[in-house]
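Number of protein chains: 2
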Amino acid sequence: MALKLYGVTFSTCTSRALSALYEKGVDFELVPVNLSVGEHKQPEFLAKNPFGVIPVLEDDGVSFFGEFRFFGCEIFVYGNVFSTATQRVFACLHEKNLDYDFVNVDLSIEEHKQPPHLARNPFGLVPAFEDGDMKLFESRAITLHVSYAYQANGTPLMAEDKKMPIQSVWMEVEAHQFEPTTGKLVWEVVFKPMLGMTTDDEEVVESEKKLEEVLEVYEARLKESKYLGGECFTLADLHHLPNIQCLFGTPLKKHFEARPHVKAWCEDIMARPAWVKVIQKLSV
Amino acid sequence: MALKLYGVTFSTCTSRALSALYEKGVDFELVPVNLSVGEHKQPEFLAKNPFGVIPVLEDDGVSFFGEFRFFGCEIFVYGNVFSTATQRVFACLHEKNLDYDFVNVDLSIEEHKQPPHLARNPFGLVPAFEDGDMKLFESRAITLHVSYAYQANGTPLMAEDKKMPIQSVWMEVEAHQFEPTTGKLVWEVVFKPMLGMTTDDEEVVESEKKLEEVLEVYEARLKESKYLGGECFTLADLHHLPNIQCLFGTPLKKHFEARPHVKAWCEDIMARPAWVKVIQKLSV
Numbered sequence: 001m002a003l004k005l006y007g008v009t010f011s012t013c014t015s016r017a018l019s020a021l022y023e024k025g026v027d028f029e030l031v032p033v034n035l036s037v038g039e040h041k042q043p044e045f046l047a048k049n050p051f052g053v054i055p056v057l058e059d060d061g062v063s064f065f066g067e068f069r070f071f072g073c074e075i076f077v078y079g080n081v082f083s084t085a086t087q088r089v090f091a092c093l094h095e096k097n098l099d100y101d102f103v104n105v106d107l108s109i110e111e112h113k114q115p116p117h118l119a120r121n122p123f124g125l126v127p128a129f130e131d132g133d134m135k136l137f138e139s140r141a142i143t144l145h146v147s148y149a150y151q152a153n154g155t156p157l158m159a160e161d162k163k164m165p166i167q168s169v170w171m172e173v174e175a176h177q178f179e180p181t182t183g184k185l186v187w188e189v190v191f192k193p194m195l196g197m198t199t200d201d202e203e204v205v206e207s208e209k210k211l212e213e214v215l216e217v218y219e220a221r222l223k224e225s226k227y228l229g230g231e232c233f234t235l236a237d238l239h240h241l242p243n244i245q246c247l248f249g250t251p252l253k254k255h256f257e258a259r260p261h262v263k264a265w266c267e268d269i270m271a272r273p274a275w276v277k278v279i280q281k282l283s284v
Numbered sequence: 001m002a003l004k005l006y007g008v009t010f011s012t013c014t015s016r017a018l019s020a021l022y023e024k025g026v027d028f029e030l031v032p033v034n035l036s037v038g039e040h041k042q043p044e045f046l047a048k049n050p051f052g053v054i055p056v057l058e059d060d061g062v063s064f065f066g067e068f069r070f071f072g073c074e075i076f077v078y079g080n081v082f083s084t085a086t087q088r089v090f091a092c093l094h095e096k097n098l099d100y101d102f103v104n105v106d107l108s109i110e111e112h113k114q115p116p117h118l119a120r121n122p123f124g125l126v127p128a129f130e131d132g133d134m135k136l137f138e139s140r141a142i143t144l145h146v147s148y149a150y151q152a153n154g155t156p157l158m159a160e161d162k163k164m165p166i167q168s169v170w171m172e173v174e175a176h177q178f179e180p181t182t183g184k185l186v187w188e189v190v191f192k193p194m195l196g197m198t199t200d201d202e203e204v205v206e207s208e209k210k211l212e213e214v215l216e217v218y219e220a221r222l223k224e225s226k227y228l229g230g231e232c233f234t235l236a237d238l239h240h241l242p243n244i245q246c247l248f249g250t251p252l253k254k255h256f257e258a259r260p261h262v263k264a265w266c267e268d269i270m271a272r273p274a275w276v277k278v279i280q281k282l283s284v
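Those protein sequence lines, which keep their order, are chains Z and P. Here full-length UniProt numbering is used: position 26 in the first sequence is 26, and no number is missing along the way. Here full-length UniProt numbering is used: position 9 in the second sequence is 9, and no number is missing along the way.
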């Protein structure tokens, strides 16, 4: 068999090539590329495709990777589908209708603390991100890059210039008020039980009190405007999605539902098609 | 005495008017305006100056507030000189050579938890900020606004477009890695002793370990480029200043000094004239 396709089945770009080959009824072999150890950036693979992206089609020793932008994804997300920070990046890419290759980083075997991943994120956290030459980490820096670099795609996630400072305020509120509080609760109430660890009830009570205070401010804000940054959905809202989704699966949902404007906002943003696609990844 | 100047002596804009009156040898009365309770936004003051900014000169019942931008400051910072978040905003305004009115919020009598301040920052934190009609809170949203709105003034604090995503990464690293760790240490080692509270030694040991890990990553980054965002000083560096300054007054300074690139970077950014001016405020 001469025809070889180098790629991975969970890559949307490899899948596109696979579909074409199946449709044509061509006989071929799928050669897996281990993205998490960076095989696609090693000399052997780069000799096949100097851009270091999958898939590559090899016919009798001749490599074919076609028109770069159309044949292969140039966006890579290294992360874990259960990581809320990774989900934040997924949500943004789906809002922008962008194709990307997802590279699973296996947290259970501490793959995120190994050299290949540390080269992508020196803090050993997920996600990490590549868009061509642009290598980034920190989920909110990634969503900011995607929103500016792909301004014309899909949903505009940035407010118009004059309203940008208000969007910034609420992005900072998410980072410094919402995330520290809900992040603790997600850890205690969702992840600890999932990992067989014991929830610290004292921590929950304290964070729950803080959550109520934070949500009171959100209720007042959302009385003034439909979304946090104004009348349009922006990154300021999007960044909240993963933790809200997690907490809606717990009794803590009641704090969101007790506040009518917060409740309506949560329901609205969780129903966005881009977010629904992210959630579907969890059940695959 | 017919001539009245409504303002406050610690306002740079009132001071400018005062100097002019003293130089002219004019007889006048200084009428204090209580900015922290928002007296400058009340009907009585707005009747004198519809922009709600000090100073206002009143001559025999006729109000004079001159050319708005030149006579009065339009930028107000509501905060506390000892608050690291307030210092972050000061540093940015000085880098941009902008005049501003500082309104002290007395934390010792919980002025930040009272309605006038809660209307400025619903979380009851300092600083809050006004730039004409633009009312903001969250120090990093304020510095972002100032950097974009006054792009042409003083130091350019934003990287050029292509390098902006990397600056964003390090702004996020400051917010999610550096601040949580150093913020805890500043609280335990600087503020608690100052307030007569007992330092939690266990917390210090744990945060110190985390600080070393974080600084290892900074050392590697600062080996690659002079500043965090690249070869130029940007907001990514500026945001670190208040906590670095605090910790350099403690034995924890050793962790910064043990890493040559981190040490050089700290010394460089702490010596910036804009930052030196902020520090001078503390000793007034």
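It should be emphasised that the hints constitute simulated quantities derived from the structure, not laboratory data. It is possible that part of the hints are untrue.
Copies of the same chain look alike in the list, so a pair counts if it works inside one copy or between any two.
What the hints assert, rightly or not - For lysine to any residue, the following SDA-like pairs were computed, each having C-alpha atoms within a straight-line distance of at most 20 angstroms: (1) LYS135 with GLU174; (2) LYS210 with PHE123; (3) LYS223 with LEU3; (4) LYS162 with ALA152; (5) LYS226 with PRO273; (6) LYS162 with VAL81; (7) LYS253 with PRO193.
Quiz item: Of the hints given before, which are not true for this structure?
Solution: Of the numbered hints given earlier, those the structure breaks are 3 and 6, listed in rising order.
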